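A.B. asks: Quick note, the sequences are listed as chains A and B, same order. Position one of the first sequence corresponds to residue 1 (the working numbering), numbered consecutively onward. Position one of the second sequence corresponds to residue 1001 (the working numbering), numbered consecutively onward.
Everything labelled a hint here was simulated from the structure, so no lab data went into it.
List of simulated lysine to any residue pairs, SDA-like, C-alpha gap at most 20 Å:
| hint | chain 1 | residue 1 | chain 2 | residue 2 |
| --- | --- | --- | --- | --- |
| 1 | A | K329 | A | Q357 |
| 2 | B | K1329 | B | Q1359 |
| 3 | B | K1269 | A | G17 |
| 4 | B | K1269 | A | N309 |
| 5 | A | K12 | A | L192 |
| 6 | A | K321 | B | N1307 |
| 7 | B | K1329 | B | N1368 |
| 8 | A | K269 | B | S1312 |
| 9 | B | K1269 | A | D112 |
| 10 | A | K321 | B | N1309 |
| 11 | A | K269 | B | L1104 |
| 12 | A | K269 | B | N1307 |
| 13 | B | K1269 | A | N307 |
| 14 | B | K1269 | A | G114 |
Covered by chain B, per the in silico footprint, the following chain A stretches (three or more residues, Cβ under 8 Å):
| hint | segment |
| --- | --- |
| 15 | 35-48 |
| 16 | 316-325 |
A few chain B residues that face chain A, going by a derived Cβ cut-off under 7 Å, partial list only:
| hint | residue |
| --- | --- |
| 17 | L1044 |
| 18 | G1048 |
| 19 | L1319 |
The structure presented is a predicted model; accordingly, all values stated were derived computationally and were not measured. Every residue gets a Cβ at the ideal spot worked out from N, C-alpha and C, and that includes glycine.
What follows is each chain in one-letter form.
Number of protein chains: 2
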Amino acid sequence: MITIDDIRAAQKRIANGVQRTPMPRSDALSDQCDCHVYVKLENLQRTGSFKERGALNKLLQLSPAERLLGVVAASAGNHAQGVAYHARRLGIQATIVMPENSPLVKVRSTRDFGAEVILFGENYDAAYVHAQKIKNEQNRILIHAFDDLEIIAGQGTVGLEIIEEFPTVDAVIIPIGGGGLISGSACAIKTLHPNVRVIGVNIAASPAMKRAIEVGHIIELPAGRTICEGISVRQVGELSFAMTKRFVDDIVTVDDEEVANAILQLLEKEKTVAEGAGAAPMAALLYRSLELAGKNVVICLSGGNINVNLISRIIERGLIKDGRRVQLKVVIPDRPGMLADLLAHVAQASANVLEVQHQRWSRRLTLNETEVSLVLETQGRDHVDSLIQQLEKAGLVASEVEV
Amino acid sequence: MITIDDIRAAQKRIANGVQRTPMPRSDALSDQCDCHVYVKLENLQRTGSFKERGALNKLLQLSPAERLLGVVAASAGNHAQGVAYHARRLGIQATIVMPENSPLVKVRSTRDFGAEVILFGENYDAAYVHAQKIKNEQNRILIHAFDDLEIIAGQGTVGLEIIEEFPTVDAVIIPIGGGGLISGSACAIKTLHPNVRVIGVNIAASPAMKRAIEVGHIIELPAGRTICEGISVRQVGELSFAMTKRFVDDIVTVDDEEVANAILQLLEKEKTVAEGAGAAPMAALLYRSLELAGKNVVICLSGGNINVNLISRIIERGLIKDGRRVQLKVVIPDRPGMLADLLAHVAQASANVLEVQHQRWSRRLTLNETEVSLVLETQGRDHVDSLIQQLEKAGLVASEVEV
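So that you can see chain A by itself, here it is in the shape it has in the complex:
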């Protein structure tokens, strides 16, 4: 295990290479959750996540001979970028093995940071096996993503910064994948302020740490599908398991739906971009009963590397849930001008048309009727209801389609 001294040493070592990230208060979240919420913005690190803290701490401790050998790492993307970025800065050759389905944004950035990227396997664990093979065949230094003392000490600087800046914090919520971030951070927090509660968050599809703690030993889970690829790990590390057992108070799980809602709220209210893993602590605060009323709470937004098409999907789903995007079916007489009439009513109600479809062959329709399907952008549930009423007054029966 490591101690606070290792984390302090790491903090000094990496000070010039990583950002001391801001931790603004969120008024919106504070109101909503009835406590004082601060968000540690690790997504503002240069590579978009906390992972470079550990990577840099590790790389800086390689001997000149080791540096010449080059490094290899396996990662779903954030460790990849952290290693690639700092290896280039230090003039070290880096090869990164990433799962084949890694988000494009992470693959691109890792290549842009100058690393050789090999796409291999279906998940982190498969990529890791391949990275070990490369290490052996090419005699490189393997930079483990989490089960390594120097990596854990580096990640622990997140917790150290939190507690240094905010000594009156009552609880810190941190995502858990392999367990590096929470191990180091909980060590720093609990050593300096034993009464601060440290809450870990697993994604429901891959709760490797939660299960391991429950059964008392490390277990291997089947691979899970989740939008939180950053914390989707089938098996935690030995070091991180031991440290989590010792320093972490609770572990809760959240599901993808809850995480997607949290990502959307972080965009709308906090003006910040979180990836799935990064939004998991906020999801836990929103949807689990953590008994934090009136407390000072820090949620660790660990990273922001998310494909923009996933953001777009999450927004679209959110708009649908919110009644701000609806699909209406309206039956109209099948004669010229009727579609124009319908659309005039829609325009008058200030709803914006996104899609129009026209069909005649439903068995529910008579021969002189046609059904129009409209996808509309509206201002919310009330607006939709009043639009439907306006259409009814005009003799048009509209029904909302479940989407």
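Guided by the hints, dock chain B onto chain A, whose structure is given.
C.D. replies: Coordinates of chain B only, in the frame set by chain A:
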């Protein structure tokens, strides 16, 4: 006009009510623009923009009698939220007139902050006339959005913070609507460091300040349509005109397309949410020749209050431009199984199907052909080209549709 002393007094006055926002370095932007770029994150203010600085400075200087009268303001949304939020904190009744087409997110927040919101008129200027009417009829204090000494002194604290934290800055790029932010900020910057270049950015659809400076007096422009409603003003203020003339070095314009690209890059690379006005300085840095090679540059991200459906649209457009979303038309023989065959090829190429349409009645088709239109999610241009080649090998002619 105001002086640095007024801005310093404002800074002291509002210190407990507004955030001192972070200003991280952007490595990605720095590389791209060949200079050292820092982003002043005013979108992290509680109401999502810098506007509350001026609003709070003004409200704090009302006499007890004036506070009792209540306040009225006109705003496209950010000044609205700033006034509403701090009026509630100070126990002052606030009425805000917003243009009818104001972004929903801004209208909602202003109401949530406890203000009475009146939607009136097509643009800021029309809303302002209505606010004046309310002021006269109801004997309220009008809080102008920009043409007011105390408002300008408050907004100037943005520039003061920049220059205090980063005295070696060479240029600061600031959006211009009515001109309050740039007037105060340029005054602070130029007074303390006369050699720092202050560059203003107008939106091409509403360049009220640029035109006024060019012709030497304030003019009224026709209303322009833009996604930058925050800086879409038909006529600048007298104070802000005089101060801009004195303190600002250059004014450039950017268009909506450039701003949309900047919003997307801020999301993908900086993990932060900008509204149109807030992204305008970044657009100027990306698309205008500002001769800043090797310089220390601060771009002022003035606000982040943007409707999420606009974010989603910008992402979709960006994906299309990037070749990451394409529409293909493929002519296939009209017999059972052919669509399944086509989709199997698409799946093998790892492209994700978003939409499928099938049509038979084009004159270009023979009687036993059918045309399939596919909307696909891909990894970019190269991926699309290789998919089209794979389909050709299978005897299927696919053509990309311009979207």
